[in-house]
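J.: Using the sequences provided together with the hints, build the complete structure.
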Amino acid sequence: MKIDPEKAIEVKPGIWWIGWPDYQAGFSNNPYLIKDGEEIVIIDPGSRLDAHWSIVKRKIESIVPLEKITMVIATHQDPDLCACIPFIEDAVGVDNFELVTTDRTSLFMPYYDIKSEVTVVEDGDKMEIGDSGRILEFITSPYLHFPGAMVVYETLEKILFSSDIFGAFSVDWNLYANEYYHEAIKSFAETYMSDKRHIINFLDKIKNIDIELICPQHGSLIKKELIPKIIGVMRNLEVGIWK
Amino acid sequence: MEINHQQAAEFAQLLIMRGLGLYGDKKMAKICDDSGMDCRVGSSYELPDNENIEDSLKKLMINYSKFNLPAKMTVLVLAKKYGMLIPEELKSSKKKKSKYRQKLEFKS
Numbered sequence: 274m275k276i277d278p279e280k281a282i283e284v285k286p287g288i289w290w291i292g293w294p295d296y297q298a299g300f301s302n303n304p305y306l307i308k309d310g311e312e313i314v315i316i317d318p319g320s321r322l323d324a325h326w327s328i329v330k331r332k333i334e335s336i337v338p339l340e341k342i343t344m345v346i347a348t349h350q351d352p353d354l355c356a357c358i359p360f361i362e363d364a365v366g367v368d369n370f371e372l373v374t375t376d377r378t379s380l381f382m383p384y385y386d387i388k389s390e391v392t393v394v395e396d397g398d399k400m401e402i403g404d405s406g407r408i409l410e411f412i413t414s415p416y417l418h419f420p421g422a423m424v425v426y427e428t429l430e431k432i433l434f435s436s437d438i439f440g441a442f443s444v445d446w447n448l449y450a451n452e453y454y455h456e457a458i459k460s461f462a463e464t465y466m467s468d469k470r471h472i473i474n475f476l477d478k479i480k481n482i483d484i485e486l487i488c489p490q491h492g493s494l495i496k497k498e499l500i501p502k503i504i505g506v507m508r509n510l511e512v513g514i515w516k
Numbered sequence: 004m005e006i007n008h009q010q011a012a013e014f015a016q017l018l019i020m021r022g023l024g025l026y027g028d029k030k031m032a033k034i035c036d037d038s039g040m041d042c043r044v045g046s047s048y049e050l051p052d053n054e055n056i057e058d059s060l061k062k063l064m065i066n067y068s069k070f071n072l073p074a075k076m077t078v079l080v081l082a083k084k085y086g087m088l089i090p091e092e093l094k095s096s097k098k099k100k101s102k103y104r105q106k107l108e109f110k111s
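These protein sequences, in sequence, are chains A and B. The numbering used here puts the first residue of the first sequence at 274, with every later residue one more than the last. The numbering used here puts the first residue of the second sequence at 4, with every later residue one more than the last.
Derived by calculation from the structure, the hints in this document are not laboratory data. Just so we're clear, the structure is a prediction, and the values are computed from it rather than from any experiment. Some hints could be false.
The list that follows gives simulated cross-link-like pairs (lysine-lysine, DSSO-like), each with its CA atoms no further than 30 angstroms apart [what the hints assert, rightly or not]: (1) B/K100 / A/K285; (2) A/K341 / B/K99; (3) A/K478 / B/K97; (4) A/K459 / A/K285; (5) A/K478 / B/K98; (6) B/K106 / A/K330; (7) B/K98 / A/K480; (8) A/K341 / B/K110.
T.: This is how it looks when you write it as structure tokens:
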């Protein structure tokens, strides 16, 4: 199937990729939108640069009006994930949407001039959204690559929104990972991750979760058939070697 | 659960010392007083001879956490390091509904 990266792409029923490829720097961004009934969830909406936000905004508005957003999830506080949240807040209104993140990450939200109250979640917390029994489970991923980082597991379609974990630099970008994607992951993880213990800790936490699709913040989406191989590569990564 | 007195004493000493450094004598004296703990920490620290020491430690953790979010994170990290039981009051509810759903249910 040919994919048009100019459009929002429904990767599973009710779940869209609303990101943008970066064929120059290889630092593609992958925000996601979940629509379930009247609830609209954006995961890691992204940068505030006009060249980036204009794309994400257009893609959101191709699905729902911006002011209908009910929840924004920040898996950690980096500007490539969070800097545009004030634009959403302007459209929806202060405290008219739920901003969800971990305690450590919540400390940084005011630095973006975000005025809305933050809903703090902890490891293993679950949140029911929408009308279809969809549950979002929040799983902390300490020190990958921020102490307060987390991932989100969506139970209905069995998607792991993995934040920077399983991310990759990808100049020759594709929406879906190919059989060589593990090498692209290495180039990213070796640069950003500092300690193998944290990777092993995280992989142990998710080892019993049934995952159909991994949706990272950078790089490509990983379908089920590639997941075992990629997890094997992650377990043996050499990280923290940058000097 | 039986507490390890040695570890609990080290935990309390460290938490109180950090509190004295970060929040000052007066605030820590009040927190220790409210929790039934001794605020005088030196090179060695012993838990007060108190039948309800587990309750005192729990109160110390909860009261300290009320300073602010970083204080709560300090309590959680040190509690993990020293094998302390984290009070239920410091844990989240685990299963939540989005605020949107709560509003919907409140209306109906």
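J.: Regarding the pair B/K100 and A/K285, is the alpha-carbon distance no greater than 30 angstroms?
T.: holds, 23 angstroms
J.: Are B/K98 and A/K480 close enough, with their CA atoms no more than 30 angstroms apart?
T.: Since the Cα atoms of B/K98 and A/K480 sit roughly 22 angstroms apart, the hinted pair holds (cutoff 30 angstroms).
J.: Verify the proposed pairing of A/K478 with B/K97, using a straight-line Cα cut of 30 angstroms.
T.: holds, 17 angstroms
J.: Holds or violated: are the alpha carbons of B/K106 and A/K330 at most 30 angstroms from each other?
T.: The hint holds at about 26 angstroms.
J.: Next pair to validate is A/K341 with B/K110; report whether the Cα-Cα distance is within 30 angstroms.
T.: Within the cut-off at roughly 18 angstroms; holds.
J.: What's the verdict on A/K341 and B/K99, does the C-alpha distance respect the 30 angstroms limit or exceed it?
T.: Judged against 30 angstroms, a Cα distance of about 21 angstroms means the pair holds.
J.: Can you confirm whether the C-alpha distance between A/K478 and B/K98 stays at or below 30 angstroms?
T.: holds, 19 angstroms
J.: Going straight from one Cα to the other, do A/K459 and A/K285 come out at no more than 30 angstroms?
T.: holds, 27 angstroms
Figure legend: structure checked against the earlier numbered hints; every hint is met.
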